[in-house]
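Take the sequences, apply the hints, and build the full model.
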Amino acid sequence: MSLLLPQTEGIPTPRPDRRSEPYWEGCRRHQLLYQRCAECSYAGLSSFTVCAQCHASSPVWETSAGTGSLYSWTLVWRPPDPSFRVPYAPAVIRLDEGFWMLSAIIGCEPEVLQEGLRLAVEFHSVSDDITLPYFRPA
Amino acid sequence: MPRHPFADVAIVGVHNTVQARVLPEHDSTSIALLGALGALADAGISPRDVDGVVGPECARITLELGLGPCTRRPSQLGIPALLDAAALVTSGQCEVVLVAAGGAGVHVDRSATAPWTRPTNELVVGYGLFTAAEFALMARRHMLAYGTTPEQMATASAVIRTNGHANPEAVYAGRGPFTPADILASRMVADPFHLLDCATTSEGGCALVLTTAERAGDCEAPIWILGGASDAYGPAYVVAPVWDFQPRDDCPPAGLVGARAARAAFATAGLSPSDVDVAELYDPFSFEIIRQLEAFGFCAPGEGGAFVEDGNIGPGAALPVTTDGGTMSFSHPGINAQQLQRVIRGVQQLRGSCPTNQVERAEVALCSNGGSGALFCDVLLLGPERP
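Respectively, the protein sequence lines represent chains A and B. Just add 4 to the spot in the first sequence (first one is 1) and you have the numbering used here. Just add 42 to the spot in the second sequence (first one is 1) and you have the numbering used here.
Check before you lean on any hint, since a few could be wrong.
Part of the chain A face toward chain B, derived, beta carbon under 7 Å [stated by the list, open to error]:
{"id": "1", "residue": "E13"}
{"id": "2", "residue": "T17"}
{"id": "3", "residue": "S50"}
{"id": "4", "residue": "L79"}
{"id": "5", "residue": "W81"}
{"id": "6", "residue": "P84"}
{"id": "7", "residue": "F88"}
{"id": "8", "residue": "P94"}
{"id": "9", "residue": "W104"}
{"id": "10", "residue": "L136"}
Everything labelled a hint here was simulated from the structure, so no lab data went into it. In this text, a Cβ means the ideal position worked out from N, Cα and C, and glycines have one as well.
Below, the structure is given as structure tokens:
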């Protein structure tokens, strides 16, 4: 069909806030950071102030190995903003450290996508400040 | 027996304004205001008697109808706003509450997604996520788990769009009828959703009027709240939509959002899914009909696709669904108007006043809002008899 590619400059980009800035700094260094509770080791969907399971105020940033499995995906032909190149494949990835994240799959044809496909993170800059983690088949 | 929590409040007026792709002479306030006046006329109640207004435009409506001093609740929700309005009445804070909403002049950039679906969302914005993709990520899990097919989803869409085709008040009146093949032949938006698997966007207003049981005795056809509840797992459209996200071990995962709310609503009503005569389901995407049928208990997990494909949701079938054409065909004005419109249609079904697709002798209507891709889902049960 067509090789899935990362997006390029011009797309709407994330605006980091005070709590998420370490995550985006990590992306600029090509490190995938996530938060894990130091008390109960829960790793959540998003940056948090207290642990969503045990409510301890001890989430710490850790570096993910950047490997995981494909959990869900779609193939978009009509983007929310015309700056996106289509098709692209937003996906939910289950990281090996036990958290989910949203990203997009690149480096393969859409036909390859299937549940459990092994993936590895790959970083691509989309603006001066923002580098996005993408995933490609490992 | 304790008194039913909604025994002392009734819905006595409903109104939809004209709905259209664009209403160039209106903004959200003016069209919500027309909805409000229509609902009050329907109830036979003077605007002067309103002492509470619920909805995003409540402050402007209070000003422009000269209602001050007046209670206000600037809720952007649908069924939860209606339940809040009911609580204003049952708690004695208000005697006549107007729930009004409308959207016009908001979604003007047609090359972009409706702005109310795109909050600040740094973790998803760079990946081009939007409502169709978010619901698709939930639908994919259902396809993987149960073998649900695009044809089954298209069947739900075809039924609802054909309901809208028949409804002269729908934005897309007369644009059908539709077969599942028509849905599947439309262009792909976000796999598995084709264009006609998705809601439209449009402009319009609507309102409902609630009052005390005592005062409802003077109104023509009061409709009663038998039960209502809502489920949410977090902010909509901000984090990855994950079917198996399950913060509480003893509760359903996010993919079944609405299941707990439905159980609670049925418990309040003392009813079960088999008692429902018509389901005015919220239809942002075709898959969501299949999912809600399962989450609300109309069929077993994984059987929603077959339930739809076997002809159970059309006019005259076991459970007619979204009989006005829903957000796919009737209207989708944005924020919360299209959510309240599911309730308005439920009221019209129970009054027996639907010009099209009237369900004969409907005595229990279920209305819903939201869906899995938005991480919230609300359920309301209505009936013609005081509980």
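Just pull the numbers of the violated hints for me, sorted ascending.
1
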